[in-house]
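So the sequence lines, in the order shown, correspond to chains V and E. Under our numbering, the first residue of the first sequence is numbered 661, with each subsequent residue one higher. Under our numbering, the first residue of the second sequence is numbered 171, with each subsequent residue one higher.
No wet-lab data here; the hints were simulated from the structure. Source: prediction; values computed, not measured. Treat the hints with caution; some may be incorrect.
[To be verified] Computed cross-link-like contacts, DSBU-like style, restricted to lysine-lysine with a CA-CA straight-line distance of at most 30 Å:
no., chain 1, residue 1, chain 2, residue 2
1, V, Lys876, E, Lys512
2, E, Lys512, V, Lys1165
3, V, Lys921, V, Lys876
4, V, Lys921, V, Lys869
5, V, Lys754, E, Lys512
6, V, Lys734, V, Lys948
7, V, Lys921, E, Lys465
8, V, Lys1161, E, Lys485
[As the list claims (entries may be wrong)] Ranges of calculated distance between the beta carbons of each label pair, as one might list FRET restraints:
no., chain 1, residue 1, chain 2, residue 2, range
9, V, Ala835, E, Gln218, 25 to 33 Å
10, E, His490, V, Arg695, 50 to 58 Å
11, E, Gly299, V, Tyr688, 52 to 60 Å
12, V, Glu699, E, Ala391, 42 to 50 Å
13, V, Pro1169, E, Ile536, 35 to 43 Å
14, E, Val477, V, Ala974, 38 to 46 Å
15, E, Arg347, V, Met661, 54 to 62 Å
16, V, Asn665, E, Arg347, 44 to 52 Å
17, E, Met564, V, Glu1113, 41 to 49 Å
18, V, Pro690, E, Gln218, 53 to 61 Å
19, V, Lys735, E, Arg347, 55 to 63 Å
20, V, Pro1169, E, Asp430, 37 to 45 Å
[What the hints assert, rightly or not] Chain E side only, calculated, beta carbon under 7 Å to chain V, not exhaustive:
no., residue
21, Pro196
22, Asp197
23, Val199
24, Asn201
25, Arg204
26, Met239
27, Gly243
28, Ala281
29, Val316
30, Gly318
31, Leu329
32, Pro332
33, Lys465
34, Gly492
Just so it is clear, CB atoms sit at the ideal spot from N, CA and C, and this is done for glycine as well.
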Amino acid sequence: MCFKNLPIEFDAQGVASLKGGVADPYAYQPREIKRDKLEELMARNGHIKDVSISPVTRVAGALSFHAVADLQEKKFLEANSVATIFRGYEVILKGRDPRDAIYISSRACGVCGGVHSTAACEAIEMAFGISPPPLGTVLRNLALALDFLYDHPLHLFLLAGPDYSQVVVQATNPAMWEKAQVTDAPNAEVHQFKTIGDIMKGLNPLSGKLYLDGLKMTRVPREAYSVLFGKYPHPQTVVPGGMSSTVTITDFNETYTRLQKMMDWTKRMILLWDDLTEFFYEYNPEYKKVGARDANMIDLGMWDDEYSYDASYARCNEWGEARWATPGVVMNGELVTTKLQQINLGLEEFVEHSYYEDWTQNGNIRFQTDPAGSPLSPNHPWNKETMPKPSKESWKDRYTWDTAPRWDRQVVEAGCYARIWTTAAARKMPKNQFMESTGHSLKFHMPKTMLPEMDFEWKIPKIWNAFERNRARAYCMGYNLMIGYTMVLKAFDLLRQGEDKVSTKFEVPKGERIGVGFWGAGRGYLSHHLVLDKGAIVNYQIVTPSTFNASPRDPFGNPGPYEEAVLNTPILEDFDKPSDFTGVDMLRAIRSFDPCMPCTTHIYGGEKEIIREVNTCACDAEG
Amino acid sequence: MGEIPEKHVGEAGSHKQHISSTASLPDQVGNVGRRTMEELVEDICASQGKTQLSLGPLEKVYVFWLAGMSCDGCTVSVSGATEPALEDLLTGSIPGVPLVILHHYVLQLEAGDHYMRTLELAEQGKLDGPYVITYEGSIPDENLTVGGEPFAGEGSLPLFAPSEERRRVSTAEWIKRLAPGAAATIAIGTCATWGGIPAAYGNVTGSMSVMDWLGKDYRSALGLPVINIPGCAPVGDNFTDAVQAILLFLQGLGPLPEMDELGRPVWQFGETVHRKCGRAGYYEEGTFATEYGDKECLVEVGCWGPVVQCNITEKGAISHMGGCMNAGGPCIGCTMPGFPDKFAPFYKAPPGSTVSSNASRLMGSIIRPLRRISQRERNREIRWHDTVPSGWAMEQGDTSITHKILEFFYERMQFLGSNRPGRDLPEEKYPTGYRSLPKQVYGENYQVLPEERAEKAAKNNK
Ligand code: SF4
Ligand code: SF4
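Same shape as in the complex, but just chain V (with noise of 0.2 Å):
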């Protein structure tokens, strides 16, 4: 593994230094931006079209898109994205009993479940030096998976779907609607729609089968992460050291029933989006198009090994390859690393297009080095401070509150798709008799139920774009399911062997301590850094999916995920005059991502700028 920008190299040990001879190893030069050329194109051109779309609704939180469209060339030649809040969660958890953390952070996010609570957990135990007894983790893992099981249907039947449906479909491309009633869906037999049409057909907002069942099969995980964690969507019985839940055979047979439930379900909706993704490429190969970037990602993996997980800092290498999901970066579609204190090391913050002042700036930085002694980048977040500073918005200047996080200095994306990509790449996966990994696949079995038993099998695509975002999250579906139903089997074993302790006892340490929660959420990617000193928090800083994927410009002239997926967007609607342009296309792309703003903007995500010039990384790292 090498980094390629950043200035530390690794021995054979595999122990990081930094590179020798280096006078201000870290130090970068920010490059501006320049938005002139634009300007006169738009002056001068009729067809140049300024699209502002405020908010971005579907999605979850406030987001507002702008965009600069060519409408002869059908493309798009700015993208800006904005997201329209500022909490200041990391301001409020300042100075707080370390405690609170869990419960004040699991509201900066109220989409998913649980997964900031059980970031801070891992952060805490982390600082504490505790980690949870077996069924502690396996409950935890049984919570996140049940967690997704309610996210991904939400995001492809009910944010998603309707950019799909008949409604959209017969107003902005008539041709392809006649088309769709008229193709057969391959799997129909499985998923019981005989026609793509009637695919469509079923994603209608509020009157088709699939959109409505979509929402009644969200409420099913939930109702078994009810009875086991308390609530939806603020679980209540997430506590340093393990859970608090009251476990007992009702409720694992209520989750087990859910489960089996929501498979059935799962089998047909996987084939059928199948189906839909097929369809669209046939039509039109240029729909491969929307929504297109290199295959670069970022994950940290999650669901614990309940006997390697020890929540130290020291062996997060070993734990965290031990993990259902194996952490992992990919790098124009190659793993270059599934190490957690890599993926750390290589991670940090800018916010020259943020409002906010730059900490490296005043001198203090906190640690030189991570608790192992290798070299950490004063823009890490360890070393963070957020410092608000509210300012107008100017595109040569700052222009968005969300910061722009990148993995050695290039522009990763996060998502549930990253999670399975990773896993599927390292082949690193405990044994079990339900899923594989094969190096380019992630196969997984699905024992009978109403439906015979099946094989399926996630390949790693050879293009990147919206529909294979979309068709991954369906397939993540299965994925999680076969988590959730092994964590269920896992926990079953440990109360066979009289192994029904939850929790470990802790007390609040006094000196200074920091963790890190490395984690997962529905949308990838989460971590949790922690500073205390003297029993309480002195600094918290959360990086989230969404911090990354709706990131700004960074100071090397990169932009942020969804405006990189919506400058390599066709535009494929049909449209007679300029004023009936709908956008749809750049839509499609950016809900691909299945944006989270409320997740993004415990901090905020602002507004930010780009030009058609983007820095394809070639990291060219081994293994």
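Since chain V is already given, all that's left is putting chain E with the ligands on it; use the hints.
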């Protein structure tokens, strides 16, 4: 089902023309279905055939869902509501309850200006029905952002203008604009009702609740102050339940939905959560959890239930399932105006609980043994005397003299002034010929099968 006619009914003029068709507006950006959700709902209802019989004066109600400093958790909770179910309200499927046309950024078909336009029409009084505002999240003090971007913004004005000519509008401004004309303003979730976490100590945004922002004198068009449905996140059913109750009242069908002095529905928030907690019995008997995961009352690991108004232990979190203490999570008072700071640090026993928990410990030490005695007796069939035929354990009937005396007086009290089953009674009271069972009705050989009995009889006859 599911297919929606292409042409929308708004154009055909088959019903009241509430909004000029959005498809004819000079800019279609964001209008991906070439009709708004409102138009779509009308089309769906039209395609399903309209009901002729109206059970009240209202046909439909618009609900504008606005969000400030929120985590979207309230929205997520409400999407889980089943009593009544969200989708039933939104499709007008509940007899007597008017169609609820929800205008929500998470569910809306259209985006951007087409989405915001309905709000503008509401402000101008151009809708064809009354509207309600639902606000989720706290309201930041936008005085702190004058000259900059608002802390919480939604949409920008003027609509359909080039981006440089617009200004982003804060949700605080939207609610100020819309609240006077609203039939009711409902604050949902603890952020909106009492400020919640964004308004906790360390609050950099000046966050506050809807009541704080609209002030003491605010009254809706129907004369109502702000209605508060707290909870972090709230029980989704509390919202749909309250909405249905209010609508049925307005239709002249349901009883008056009563609100308390802080605008909370009394039937939902009138009781402390402790009173209906599944662990309240442990509290009463003075047994307490000492570790997370224990089954007893959670007060000593940080439960504030006895002073918190919430219905989750009774109502469940979703589909009548779950609930904080039911699952093992101590109550942190998330429905209360004092949340979070007046309940922090979480996981620490509330100071006020010491008196009452120690009192119940003392009482419990007397009551528990007594209960054990009568529970034990009630675990015995009337026909078990000296032995109990259970293979699970060495169970004995209780033959001790003290037990017999205690049980004698216990039964005396139990049947004082009422009939004791099984004693001999005058014949005329049971004209059909009631006879109490003779003692020892089950003789020694009651467990035998017919063949065995025949065999025995044959042997005896020999
Ligand atoms: S757990 Fe809380 S609400 Fe339940 S009985 Fe104990 S103190 Fe009351
Ligand atoms: S029991 Fe307490 S913590 Fe749970 S929902 Fe009610 S008020 Fe909130």
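Hints, one by one, checked against the model:
1. V:Lys876 / E:Lys512: Status violated; Cα separation ~37 Å.
2. E:Lys512 / V:Lys1165: holds (25 Å)
3. V:Lys921 / V:Lys876: OK: Lys921 (chain V) and Lys876 (chain V) at ~12 Å, within 30 Å.
4. V:Lys921 / V:Lys869: Between Lys921 (chain V) and Lys869 (chain V) the Cα gap is close to 17 Å, so the pair holds against 30 Å.
5. V:Lys754 / E:Lys512: Holds: Lys754 (chain V) and Lys512 (chain E) sit about 17 Å apart, inside 30 Å.
6. V:Lys734 / V:Lys948: holds (15 Å)
7. V:Lys921 / E:Lys465: Holds. Lys921 (chain V) to Lys465 (chain E) sits at ~29 Å (cutoff 30 Å).
8. V:Lys1161 / E:Lys485: Holds - the C-alpha atoms of Lys485 (chain E) and Lys1161 (chain V) are around 28 Å apart, at most 30 Å.
9. V:Ala835 / E:Gln218: 25 to 33 Å: Given range 25 to 33 Å: holds, Cβ gap about 28 Å.
10. E:His490 / V:Arg695: 50 to 58 Å: holds (56 Å)
11. E:Gly299 / V:Tyr688: 52 to 60 Å: For Gly299 (chain E) and Tyr688 (chain V) the Cβ distance comes to about 57 Å; the hint holds.
12. V:Glu699 / E:Ala391: 42 to 50 Å: With Cβ atoms ~46 Å apart, the hint holds.
13. V:Pro1169 / E:Ile536: 35 to 43 Å: holds (41 Å)
14. E:Val477 / V:Ala974: 38 to 46 Å: Given range 38 to 46 Å: holds, Cβ gap about 44 Å.
15. E:Arg347 / V:Met661: 54 to 62 Å: holds (56 Å)
16. V:Asn665 / E:Arg347: 44 to 52 Å: holds (49 Å)
17. E:Met564 / V:Glu1113: 41 to 49 Å: Holds, at about 47 Å.
18. V:Pro690 / E:Gln218: 53 to 61 Å: holds (58 Å)
19. V:Lys735 / E:Arg347: 55 to 63 Å: Given about 38 Å between the Cβ atoms, the range is violated.
20. V:Pro1169 / E:Asp430: 37 to 45 Å: Holds: the Cβ-Cβ distance is about 43 Å, inside 37 to 45 Å.
21. Pro196: holds (5 Å)
22. Asp197: Given a least distance of 6 Å, the restraint on Asp197 (chain E) holds.
23. Val199: For Val199 (chain E), the interface hint holds, since the closest Cβ of chain V sits about 5 Å away, which is under 7 Å.
24. Asn201: holds (6 Å)
25. Arg204: Check passed: Cβ of Arg204 (chain E) comes within 4 Å of chain V, closer than 7 Å.
26. Met239: Check passed: Cβ of Met239 (chain E) comes within 5 Å of chain V, closer than 7 Å.
27. Gly243: holds (2 Å)
28. Ala281: holds (4 Å)
29. Val316: violated (10 Å)
30. Gly318: holds (4 Å)
31. Leu329: Hint on Leu329 (chain E): violated, closest Cβ of chain V at ~9 Å, above 7 Å.
32. Pro332: holds (5 Å)
33. Lys465: holds (5 Å)
34. Gly492: holds (2 Å)
When the structure is compared with the earlier hints, violations turn up for hints 1, 19, 29, 31 and for no others.
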